[in-house]
Structures are given as C-alpha cells and as structure tokens.
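Enquirer: The chain contents come next:
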Amino acid sequence: MLRYALKRLGVGLLCLVGVSIIIFVAMRLAGDPTLLLLPDDATDQDRIELRQELGLDKPLPVQYAIFVTDAVQGDFGMSTRWKMPAMELVLARLPATLQLAGLAFSIAVAIGLLSGVTSATTRGSVFDQGVRLCVTLGLAVPVFWVGLIFIMVFAVDLGWFPTSGRGSFAHLILPAVTMALNPAAAMSRLSRSAMLGVLGADYIKMARVKGNSEARVVWKHGLRNAAIPVATLAGIQLANMIGNTVVVETIFAWPGIGKLIIDAIFARDFAVVQAAICVVAAAYIILNLAVDLTYGLLDPQIRYD
Amino acid sequence: MTEHHVDMPAENLSAEAGPRRAAFFRTLGDWPILPIILLLPIILFGVFGPLISPYDPSAVNPAVALRPPSWLTGDGLAHLFGTDYLGRDVFSRVIAGARASLLVSFFGVGIAGIVGITVGLISGYFGGWLDTVLMRLVDIQMSMPAILLALLISAALGSGLVTVIAVIAIVFWTNYARVVRAETLSVKSRDYVAMARVLGCPDVRLIRRHILPNVIDSALVVASLQLGAAVMLEASLSFLGLGVQPPAVAWGKMIAESKLYLATAWWLPFFPGVALVVTVLGTNMFGDWLRDKLDPRLRNT
Chain A
1 MLRYALKRLG VGLLCLVGVS IIIFVAMRLA GDPTLLLLPD DATDQDRIEL
51 RQELGLDKPL PVQYAIFVTD AVQGDFGMST RWKMPAMELV LARLPATLQL
101 AGLAFSIAVA IGLLSGVTSA TTRGSVFDQG VRLCVTLGLA VPVFWVGLIF
151 IMVFAVDLGW FPTSGRGSFA HLILPAVTMA LNPAAAMSRL SRSAMLGVLG
201 ADYIKMARVK GNSEARVVWK HGLRNAAIPV ATLAGIQLAN MIGNTVVVET
251 IFAWPGIGKL IIDAIFARDF AVVQAAICVV AAAYIILNLA VDLTYGLLDP
301 QIRYD
Chain B
306 MTEHHVDMPA ENLSAEAGPR RAAFFRTLGD WPILPIILLL PIILFGVFGP
356 LISPYDPSAV NPAVALRPPS WLTGDGLAHL FGTDYLGRDV FSRVIAGARA
406 SLLVSFFGVG IAGIVGITVG LISGYFGGWL DTVLMRLVDI QMSMPAILLA
456 LLISAALGSG LVTVIAVIAI VFWTNYARVV RAETLSVKSR DYVAMARVLG
506 CPDVRLIRRH ILPNVIDSAL VVASLQLGAA VMLEASLSFL GLGVQPPAVA
556 WGKMIAESKL YLATAWWLPF FPGVALVVTV LGTNMFGDWL RDKLDPRLRN
606 T
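As given, the protein sequences belong to chains A and B, one line each in that order. Per our numbering, residue 1 is the first one in the first sequence, and the count goes up by one each step. Per our numbering, residue 306 is the first one in the second sequence, and the count goes up by one each step.
Treat the hints as calculated values from the structure; they're not laboratory data. No false leads were slipped in.
To give a feel for the contact side, a few chain A residues facing chain B, derived at Cβ under 7 angstroms:
1) ALA140
2) VAL141
3) PRO142
4) TRP145
5) VAL246
6) ALA281
All values derive from a computational prediction rather than experimental measurement. Glycine included, C-beta positions come from ideal geometry on N, C-alpha and C.
Looking at chain B on its own, in the form it has when it is part of the complex (with noise of 0.2 angstroms):
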C-alpha cells in the first residue's frame, strides 16, 4: 500500500451552500482543530514561558501563601491560579511546567524513534540472527511493566532532565523497532527493492533511500501516538518524586506536592491536573488524526 492520501468523506452539507463553502469546510476538516486549540496554549506556554509568565515561578512570597485563585475572592487578576504552600504563583508554575513537559517528551520520543526505526530497518532488512537478536531484545523489554522500567532506571542514573529523556527514550524505542521491522518486511519484498539490489545498489543506500521513505509515515503515527503517554509518564515520574529537579517546576511534582493541602487548598493539584489532561488530550486527538490521514490500516492499535 503505497496510496497513503485517502480522500475524506465529503463534509454533509445542504445543497444550497455554495461550492466554495464546502470547499472550506472540507479543507477545515482536513486540519486537526481541536487539538490545535487544546495544544496551542501548552506550546506557547512551553516556547515563551518567561514572556508571558506574570510572576518568577520560583518566587517565593509567605505572605501571600496558599491563597485561592483571585478571581473567586475578588482579587482580579493577581493570582489566576492561587498560590502554593510557599506562596508561589500557581498559573507562573503551570506555565513553567509546560516547558519540562515538552522538552522531555519531545526529545525522549524523538530519540527513542531515532533507535527504534534504526534497530526495526536493520532487523527486517537483513534479518537472520541479527533479527532474532534484536527482537529478543525488544522481547525482554518489553516483559517489563514500563513504569518499572522507569522506576529502576531513574534509580540507577539519579533523577535530573537528562535521566528522564533517557527513560523515555528506552521505555518506547521498542514499539518502534517492531512496526518499523514489520513494514520493512513488507516493504522489501516488493519488486523495485529486488530490482535495487539486481542493479548492485548497496545495503545502506537501498535502506535509505528506498526503505526508510516507506516505513517513515508509520514510524510518525507511533510517534505521535506515544507523545501523549511519554507525558504521562514524565508526569508519573515527577509525582513519584524521580522527575525534573528543582528549579525547573514539573506539573507531577506539583501534584505530589499538594498532598498535603487536599483538605484546604483544592487549587494546588487541580491547575497543574487540568494542563496534564489538556495535553494529554491534545496529543492523543492529534496521533489519532495524523494516523487517519497517513495510515488508516493502523486504526485500532
């Protein structure tokens, strides 16, 4: 299957609307709206967070301690969010967060797919004990519940920036390495791959150049896909308390953080919740539309 664009169905509208509307609407359907609205506000937070931050999300002020969002009080706009144990600004740490949250996502998924779509291309092309190595490998791997995985390796490198990408990186290079292998499987038997290598193209130009364009579409789907569960785990790991460290500010941690103010200060976990769930949300919606448009065969996995 090579034919990757499908043509969506055609939007129901009335005939009276004219041909330019439901060309507009047609192309509307074609973007991912709702995800763009659910993820805008996290990027932006994410790329000008200082910018737009009212408050030095690590500021703190006792006088103003665990005070509930302005708004409900008749404050206005002081603190949009309420402020902390420590009276630091709830909505400056929020958008704090939203930076370790996609840093270490994108960059964890990032690398991790640079692994696994190597490791899946090399095992399908050339197969034989290299193959069974590697998938044995995957196999092991994933034999571990993932969140112990990341527990034991957060244990073994110390917690910091760094040692969360590298988690992620190695909890998800495996569901790479199979579908990429998969594909490649499938890929190289068709006739122009044989029809390379009668011609005497080598190993590492016919993968590059004729493999890898063919797998590369499902590799993003697995991506995108993995995006919204690299978050949560981050978020898992900080609120376990083997994420970022201070001072860079993780929703998790946030979370954890307010245990101890649950009877009085519903603020402190809700916020930081609502950013988790909102990006979340917003990556999951955009993975399932990016692999409707690109791979509607992987529908349900």
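Looking at chain A on its own, in the form it has when it is part of the complex (with noise of 0.2 angstroms):
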C-alpha cells in the first residue's frame, strides 16, 4: 500500500513537472509582456530595461530554472497588473472558488446519486424515463448557455437572484445549480448503470430473503458494490470542477481562481496565470491520488501492489 501510494506520487509530482514546463512554455510563447506594459511611445532602450529588469533576456532554460527554483517557495513573481505578488493575489481568490465548487459538487452528487438508484430500481417506469430525458439533455448543454438563461429567468425576469458578483448566499445558488448541471447528469447515468449491474446479483436476492428493507438492500448491500465506478467519476467531476469554474465564473462575475485566469490571460500577465494554474494542477493531480488511493476504503478486494 506504501509503496503504491509512493509510487503514485512520484508520477503525481512528475505530472506536476511537466505542467510547469508547458504552462511556461505556453505563457512564453504568448508573446512579449513590454509590449503591453510600457506605454505606445516608449523607446526601445526603456523596452531594453524591462526585459532585463523581468528577466525576460535570459536564456529559456535559464529562465524556467529561475521559475522553478522560486516557484517552489512559493514566489511566482509579481503580477504585473494588479501590482501584489502572483501566489497571494491567487490564494486570496482561492476560498471563493472552492466555496462554488463545493456547493456545486455537493448538488451534483445528491441529484446525481438519488436520481440515478432511483431510477435504477425503478426501471421502465415514466420516472426512470424522465430522468433519462434529462441526462441526455444535461449532458448536452453548454454550461455557459444555461448560465445565461438562467441569469435571464431567474434574476432579470424573476428577480430572485442576483445576476452576478459573490456576497450573500442567494448569490451563489444560480452559479452553483449551472455548474452542477453537467456533472449532475454524468453521475446519475453511472450511478443507474453501476446499480443496474449489481441488482440482479444473488448477494441482492440473498439480503432480500434475509428479511432486510427494500431502502437496506439498495442503498447498503446495492450502493456499496456500486461505489467504485461511481466514486471514480465523483473524483474526476470534483476535479474538473476546478477547471470547470473557469466558464460559470466569467458568466456570473464570481471573483474565484477562474476569472482570475481569464482575466490574467488578457492582460498577458504571465506571473499570475502561472501561479493560478499551477494551483489548480496541483490540485487536480492530488485529487485524483486521493480517488486512486480510496478505492481499498470501498472495495478490500483491492490490493495495493
């Protein structure tokens, strides 16, 4: 089990590595900072000094080894736009993020989970239908158009809501449901095929004969033999999530990691995308051990190796 989980964490880290490498790659390619930050009249000594002052004549792998060598003190550089140094400006934005991918990563497994074994246990009937309907639906609608109609319904026609920003909770309920839409209907597909598979087993029949509840016998001995699959694919939703709140955080104004991108990408602000992105990669890369590493917890048929 060590020696997996060790094992895992080195390709974990390797990962981490090689994102560094292409998001400085990328980050370089995406042309020259000076042009933008010194004003249209500048002279090409002044432009000179910057890029000596920014490092930016050194040689690339000078440069991505200076990158590193701070990067992993925790000092990204400063962001050139909003004048603080890139990790802090990050880390601020962090809790705001986090809060909406929680929320919409809750939603989307209770609606996701219930909807699915329901359906699941009762196959064929118009529920089960309904609830196909719209996995086939959720699974087709772009995150960023259903925000849309929703801040058009919800808060302009309505009021209900408002259309954007972070504040109260009424503020995080449009864009917590719209990013929940997506995966929402990915887990309830699972989690019925993943039931469906194990309700026709003899250890289902056998708890039945026993006497058990119908609730017991699905959501115990039924659930439990389903949670792989269906635990994986939380693992990966909660981890696209983070990536996923770049689109619903442009829509709603939400001032997390995503519209922080967003935003640093315009302003070719080198520093801050580095920093955000390297945030959320290594919090994908750490999630996803953790859902690798939580399968012996469901299932002790698994043996590490």
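Build the complex: two chains, separate frames, hints provided.
Expert: Listed below in structure tokens is the structure:
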C-alpha cells in the first residue's frame, strides 16, 4: 500500500513538473509583455531595460530554472497588472472558487446519486424515462448557455437571485446550480447503470430473502457494491469542477480563480496565469491521487502492490 | 473479440405484421434515425450555408436592430430568429455558425485521431522505454483540466480558426492514444500476429496490415464520442473570446455578445444555444449508436 502510494505520488510529482513546463513554454510563446506594460511611445531602450528587469533577456532554460526555484518557495513573481505577489492574489481568490465548486459538487452528487439509483430501482417507469431524458439533455447543454438563460429567467425576469457577483448566499445559488448540471447528469447515468449491474446479483436476492427492508437492500448492499465506478466519476468530476469554474465564474462575475485566469490571460499577466494554473493543476493531481487511494477503502478486494 | 456485428434484438412486433414489415422495422432500427434528424439541418447549414442564408450574416443594418423574431410580431418570415444589436439577421448568423462549429470539430478530432492512433500503435506495439515516455506524456497532459490547457494554448498561439483546431487536436489526442494502445496490446498477443512476425513481416507492415484494422473500430468510437465534446469546447472558447475571429461567426461568440441584452432580447442567446444543443445532442447520440454497433464492450465509458 505504502509502496503503491509512493509510486503514485512520484507520478503525480512528475505530472506537476510536466505541467509547469507546459505552462512556462505556453506563456513565453504568448507574446512580449513589455508591449503591454510600457506606453506606446516608449523607446527601444526602455523596452530592453524592462526585459532585463523582468529577466526576459536570459535563455529559456535559465528562465525556467529561475521560475522553478522561486516557485517551490511559493514565489511566482509579481503580477504586472494587479501589482502584488501573484501567489497572494491566487490564494486570496481561492476560497471563492472552493465555495462555488464545493456547493456545485454537493448538488451534483446528491441529485445524481438519488435520481440514478431511484431510476435503476424503478427501471422502465415514467420516472426512469424522465430521468434518462434529463440526463441526455443535461450532457448536451453548454454550461455558459444555461448560465445565461438562468440569469435571464431567474435574475432578470423573476428577480429571485442577483445576476452576478459574490456576497450573500443567494449569489451562490445560480452559479452553483449551473455548474452542477453536467456532472449531475453524468453521475445519474453512471449510478443508474452501475446499480442495474449490481441489483441482479445473488447477494442482493440473498439480502432480500433475509428480510432486509428494500431501502436497506438498495442503499446499503446495492450501493456499496456499485460504489467504485461512482466514486471514480465523483473524483473526476470534482477535479474537473475546478477547471470548469473558468466558464461559470466568467458568466456570473464570480471573483474566483477561474475569472482571475481569464483576466490574467487577456492582460498577458504571466506570473498570475502561472501561479493560478499551477495551483489548479496541483489540486487536480492531488484529487486524482486521493481517488486512486480510496479504492481500497471502498472495495477490500483491491490490493495495492 | 473480432466479431463486430452484434445482432440487434428483433423488434417486438405483433404476429399480424408480415415478415416484410418486420424486416423493414429491423433495418430501420439499425439506422440512427434521431441523430440523423437532429444533425441533418446542421450539416446542411454547414455545407450549403451561404446558399440557404436569407441575409449576409455580417450585414449591419441599424434600422432593424434588436427586432424580435418576425413570426411573433406578425411580420412573417422577415427575420425568423430576430436581429441583433447591429441589425444583423440572427437566423443567417446561426446558419453561418454551423460552418465554424463543424469545421473546427471535424478537423480537430480528425487530427487528434491521426496523432493519437499513431502514438497508441507505436506505444503498444514497441513497448519499452518509448511506451513509458509516451504514456507519461499522456499522463502529464491529462493531469491538467482540458479547458485550462485549451486556454493556455489559445493564449499562446493567439485566437483564430487554425488555433482552435490545434487546441482541439491537442486536447483530444490522449484519449485515442490510451484506447488504441490498450487494444494494440491485446491484438499483439494473438497468434496470427506472432505468425506474421515469424514469417518475417516487417514492423511497419505488420502494424498497418494486421494491427491497425483491428483497433480502428475502437478509435472510431472514441472519435464519435469526442465530437460532441469538441463542439462544446469550441463554443466555450469562442464564448470566452478565444475562438474564431470575425467575419467568421461562432455560436459561442453570439451567446457571449448577447450578455448585455439579456433583459430585452431573449432571442439573442436562445437560438444559437438551441443550435449548439441540437448539434451536441445529435453527435452524442450518434456516438452512442456507433459504439453499440461497433464495440458493445465500450458501453459506460
């Protein structure tokens, strides 16, 4: 178990290094930040001086080495646009994103699991048909479109919720529901099929024969055995949510990391993009690792070696 | 498993229906009717767009700005989907958007397929350090949320049609690589491959003639299942302002532009969104159909 965990951790670290190279190269290809930082009438001399100051005149491998050495110490440089340390900026935006992703994830799991399992136990019923239709649609609607339609209907027309921004709990509802839609549909579909696969098994019949209540049979004996694929998907969904915040935060002007990344990309603010994507990628890798390691808790048959 | 044609269960027809009718329905059941109905108009828009389009999609006409759909106001067919803030015909723009959407996703997924299949074949067939390096590359790329990778590449290469195709190719090749590698590993261990090798068949020929035909079905299934995701990614990028640039029209961009008129002009986000949903729904359903047809083992992936 420990060996397996260490090996996965090693792969995770390798991934993080790889991601940092991708980010670094992409940002250097993106263009010259001095064109944006200096006024239009700046001379070439000004430009060369600024490039020296920012370290942009050194060879790329040297720049990368400097970037990594600083990064492990938590120093991603100064934001050129917000004039503060990039990492500080990212960490300040982190709670907003976690709050949004956390609520969206809870909604997605609750709705997905409930509808999927109930759909499996009432296979062929009107409810089942309805859920399957919703799932098909839920997987095909673009998040940003749903978000705008929600704003149009629930914020502008009905006035139930604020249109955008962060503040009260009401601000949180529309973005969280919007973000939960796709993962809830995926969750529902998978838990339905995992449950259908399990419900015909002999141990389920046995549990019924022994006189367990139907709810206990389904939610304990059934779900426990259908849990592996469902938990895997839940982990992937949670990780993906961090990425999907980019779109949702942009629609609802939610002041989280996603919005920060978009703003920083358009401002050519290298330091902030690097810091933010590194944080997101690290979270993504850690979550995937955590999912791999929890298999053993869910299914004692799995042995790591 | 080399048997690909799985018999569909016969339709439940009453005894009175003659054998000919049963046969007709069975053939019908073999065809993806619903996906075809959904995708046909989109494909027609994409291919014959300029011929069908009632107006020039970029023609600005401030005199008719922000008109609601004409059939609602009793103006007949003048502007089926209304007009936008510059007086451009939304219907014509939805038609024009189909072209960008289809072009980008087909080419993106296609290029991703060529790269991914090649990598998967090489990795699975040769194994060893090459396999390790290539699969670590896949791991690294997959340890980054797709949308972030897409944003990074668009930021690095600047937005435009070619960039978006490149983004989709780069984001999606890894899935093919993994699936094709796994398939190659299982095909490689079969007797006829060993036989061909004993007979002195060179590697390249062996891969092309004996392995590729056996893994291509899985790759096709991956492609069809990714098409919808590619359409969605293209739309998200253009929504964020990193998609194709004017005069090309993109549904995502149209939806983004409608943000300022949400209170007054519901038709601006509504129709491009419906076009997008129909496209993604159609391709997803087609993908499901193709998967069941070609490789029932991949169900639930």
